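Just so you know, we're using the working numbering here: the sequence shown kicks off at 8 and counts up by one.
Accuracy of the hints is not assured; some may be wrong.
Listed below are the simulated SDA-like cross-link pairs for lysine to any residue, each with C-alpha atoms no more than 25 Å apart in a straight line [said to hold, decoys possible]:
id	residue 1	residue 2
1	K221	R176
2	K197	T143
3	K205	D242
4	K205	E170
5	K197	G233
6	K169	N224
7	K197	T236
8	K205	R241
9	K205	I243
10	K244	F265
11	K221	V147
12	K245	V183
13	K221	S162
14	K244	E261
15	K205	I228
16	K197	I228
17	K244	L257
18	K221	S256
19	K245	R181
20	K221	E177
21	K245	G213
22	K245	H215
23	K56	G67
24	K245	T146
25	K56	I32
26	K205	A15
27	K169	V186
28	K205	G12
29	K245	S256
30	K245	H175
31	K56	W45
These aren't lab readings, by the way, just hints derived from the structure by calculation.
Remember, it's a predicted structure, so these values are computed and weren't measured experimentally.
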Amino acid sequence: MWEWGPSARETLCDRIDSLEVHMRIGDHLFDGTFDTLWVGFDGANTLHKMVKSPDAGFQGWTTIPLGPVFQDGLKLRANCFNSPLRVHYNDYSSINANLRVGGKYDIAGYGQMYHLWNDTIDPNKWTASPPCSHVTQLTVTLEIEGRDWAGTYNSLYAIIGKEYTLIHREATRREVYTVDIHLYRAFGEKIVNIDELKELAILSQGSHDQVFPKSINVRAICAGHGRKTMNVERDIKKWMAAGERWTLSLAPEEWNEF
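Assemble the whole structure, with the sequences as input and the hints as a guide.
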């Protein structure tokens, strides 16, 4: 059993075998550029092209080739070497700076490379998905859409493992309902390996009435001493008929610490 922290990082993720960088451009007028944007790292002998002439509002991920960029070896995500763990670095997801190139009067030479921004990457600030291996508490929150007739006379259940947990009977629109899952009844254990969670289903049971759920938030408390909290959140936004199930994946990579 483990919980993400400096010790787990050194044991489970001291190296990475893939790296991706996410870039987002502001969505205001003139926030885009005709230039080509590159990304590089200290200790590397090459730059990697991120995007050419991005428009305002552009965002996207690009994979960094670790071979040519790191011969020995903004928002980042990486796969741990020889491990299913995926780690994220979100400290620079919002730089909020007007970055310009050129000299004193912002005059740039055609084909010239200009340094825009740099900062450090603290190894201790990487977070893992999932942030732990076992959970000791599981909670489900279901929100019903506010549109007309979104509520239902049916009973809504959360299904996981062997357990059917009643969320609410005759749920009404614009309401939010939260229930705790009895882990022992669901899995026969009070502390459950995250690999066993697999998926959770929402079931509408009753007459021919429909329901229109808006979103679901599944939260868990880790079993380690740090009691980290993590969740899986999704929009549903669809009509569900009586007897219909909507399924949410709870695979380890879906969980995020919050």
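Mind listing which of the numbered hints don't hold for this structure, in increasing order?
none
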